[in-house]
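Let's have the full structure, built from the sequences with the hints guiding it.
Number of protein chains: 2
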Amino acid sequence: MEQRTRTQSSRTRINASSGHVIGVDIGGSNLRVALADRKGTILGRWDASTKRTSSPEVVIKQIQRGVSQLLKQAAVPRSSLLAVAAGAPGITDRDAGVVFATSYLKGWKNVPLVRLLESALHLPAVVENDVKLAAIGENWIGSARDVRDFVFLAIGTGIAAGIFVNGELVHGPDWVAGEVGYMIVPGTSEAPAKRGAPGALERTIGGDGIRKDWLRACEGKRAISARDLTATGIFYHALAGNQHAKSVLEQSARILAYAVYNISAVLNSSLFVLGGGVGMSGPLLAATQRILESYTQPSRPKLVTSALGQDAQLIGAIRLALDKVESQIHL
Amino acid sequence: MEQRTRTQSSRTRINASSGHVIGVDIGGSNLRVALADRKGTILGRWDASTKRTSSPEVVIKQIQRGVSQLLKQAAVPRSSLLAVAAGAPGITDRDAGVVFATSYLKGWKNVPLVRLLESALHLPAVVENDVKLAAIGENWIGSARDVRDFVFLAIGTGIAAGIFVNGELVHGPDWVAGEVGYMIVPGTSEAPAKRGAPGALERTIGGDGIRKDWLRACEGKRAISARDLTATGIFYHALAGNQHAKSVLEQSARILAYAVYNISAVLNSSLFVLGGGVGMSGPLLAATQRILESYTQPSRPKLVTSALGQDAQLIGAIRLALDKVESQIHL
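Same order as they appear, the protein sequences are chains A and B.
Heads up, the working numbering is the position in the first sequence plus 25, with the first residue counted as 1.
Heads up, the working numbering is the position in the second sequence plus 25, with the first residue counted as 1.
Among these hints, one or two may not hold up.
The list treats identical chains as one, so a pair stands whether inside a single copy or across any two.
Taking lysine to aspartate or glutamate and the EDC-like style, the derived pairs with C-alpha atoms no more than 20 Å apart in a straight line are [to be verified]:
| id | residue 1 | residue 2 |
| --- | --- | --- |
| 1 | K349 | D62 |
| 2 | K131 | E143 |
| 3 | K86 | D72 |
| 4 | K219 | E318 |
| 5 | K327 | D199 |
| 6 | K349 | E143 |
| 7 | K134 | D118 |
| 8 | K97 | D72 |
| 9 | K76 | E275 |
| 10 | K327 | E275 |
| 11 | K134 | D199 |
| 12 | K219 | D199 |
| 13 | K97 | E193 |
| 14 | K134 | D120 |
Simulated from the structure, these hints should not be mistaken for laboratory data.
Structure follows, in structure tokens:
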């Protein structure tokens, strides 16, 4: 009798527009958890560092703590939770719920993240690669709202893309679609990438590559005030008139333009949404856009920055958790 | 009363496995028409030249003649025909049934091919870009049978791809997905492509580009027996030990390898099917495969040659016509 009552009440709950979901963004340095209602409105957020506590078990414990705090703060009963979705910074098999590999978090290997989340939170769980989650977020309420063919291009320390084709996210048979940091274009290395090492494009216009370029440009030069800049800082230095910084910006923009142009030649994506610490840089977008203005054949992609910024992954996680709830209703 | 009988008989016919379809491959130099039964078995083929008769009206008249002859030869009544599908060598809007532009056939512009076919043959018609049709053919009974994520890469005078993602052909919002002849990789020009002119990759490793490379390599050299070779001839010359031909082959293979690698980094396509006069060359495939063996990250695409060869488009057209029939049954 108790069983029957529970089943009934659960069915009633999941069919209504009531209930809540949890979105999780597991990053290389930060863990972020959000509680949202069925409309996707965020009711609370919780952060923690993953710098020292990177094992899957510890991260799961952190997520549990975050969920408990969020429920308490928002005065939402635990029984109201319907699903959890989490993004991980690595190759992720969404069907199996496993993070195959990541170069962050001290290198997770074959972590059964869905199973860990489900048994810790007693909720249906789904996992996804973080950049693909960000693309889902931008497609939902960001810069690519309702756009069926677009590329979310994350440029930070790493470079990767979340690609939508015909309104659907592309994963590829080995779950590595969008690993565009490996692309080879004029100006990048042509050498094969080593296992676990960054690819050619990432080595050149990822954050570290741009900083190395800048240090090379500064070498033996006097009157360089700021050797210790981030990529974004270097680009603003270029805007301020520094010649070395200008050449670094121009070269980075040209290489990025070739990558965008090549992806666009393959997929005819109408829109590229730039995200990540380097990708959000205004001077880089402007310089890349300027170069692409000459490249009009066979089509001309539009470049914009991410509307959701650092929240893109977390918002994508909420959307994915809501989708999980929907899919259970329609089972 | 007559109307009712006709409608009924047509419904009966279209629901059964009986009936026939027409596949058409409109090429820059040849027009090919095939008659097939509902299983896709080709019952007859008909060819004509399009070199002098390139206007849409004349091509349509040629197709009419071909269809009449095929029906007669196979003793199939015209009333048994259920649909026609045609491929054109240019940017084709499958939904609208219009060929926007082609650099062949003296430059068709906005040709309403579906409307022309339907009014000439009194059959439901569908049109598609020829390289995308070839991909459909390879996916049906060729080298990519039942593969959900693959790229058919046609390399001849032109270069273009038919791309399947998640089991579906990619068209892009402007119908120019797969125009990979525009890709820019190390070894190609970096200059923007002019409207109507070939792209960087096509200029370098399309048939004409390879021949130019060869003529350059031959310049001022003695003991070169065969300046007037096709790309395929040059590649076999390389196999026979000619040093200049070897360097042309090696350079072409390297550039092709970068294009394949970049597409694979974007989409994680597991299989590349090479077609077209240059793409079908065994020495080119072997040399490209050899280079790609070092490029194992993030995934390693397999390269094969087209199983259907010059028939890929025509067979794709038959499959598309059969799909058109199916879609009408399920309307």
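Okay, the hints, checked on the actual structure:
{"no.": "1", "hint": "K349 - D62", "in the structure": "within (14 Å within a copy, 44 Å between copies)"}
{"no.": "2", "hint": "K131 - E143", "in the structure": "neither (23 Å within a copy, 62 Å between copies)"}
{"no.": "3", "hint": "K86 - D72", "in the structure": "within (13 Å within a copy, 70 Å between copies)"}
{"no.": "4", "hint": "K219 - E318", "in the structure": "between (34 Å within a copy, 13 Å between copies)"}
{"no.": "5", "hint": "K327 - D199", "in the structure": "between (29 Å within a copy, 13 Å between copies)"}
{"no.": "6", "hint": "K349 - E143", "in the structure": "within (13 Å within a copy, 45 Å between copies)"}
{"no.": "7", "hint": "K134 - D118", "in the structure": "within (12 Å within a copy, 45 Å between copies)"}
{"no.": "8", "hint": "K97 - D72", "in the structure": "within (15 Å within a copy, 76 Å between copies)"}
{"no.": "9", "hint": "K76 - E275", "in the structure": "neither (34 Å within a copy, 47 Å between copies)"}
{"no.": "10", "hint": "K327 - E275", "in the structure": "within (19 Å within a copy, 36 Å between copies)"}
{"no.": "11", "hint": "K134 - D199", "in the structure": "within (15 Å within a copy, 41 Å between copies)"}
{"no.": "12", "hint": "K219 - D199", "in the structure": "within (18 Å within a copy, 37 Å between copies)"}
{"no.": "13", "hint": "K97 - E193", "in the structure": "neither (36 Å within a copy, 46 Å between copies)"}
{"no.": "14", "hint": "K134 - D120", "in the structure": "within (17 Å within a copy, 45 Å between copies)"}
In this structure, the hints that do not hold are numbers 2, 9, 13, in rising order.
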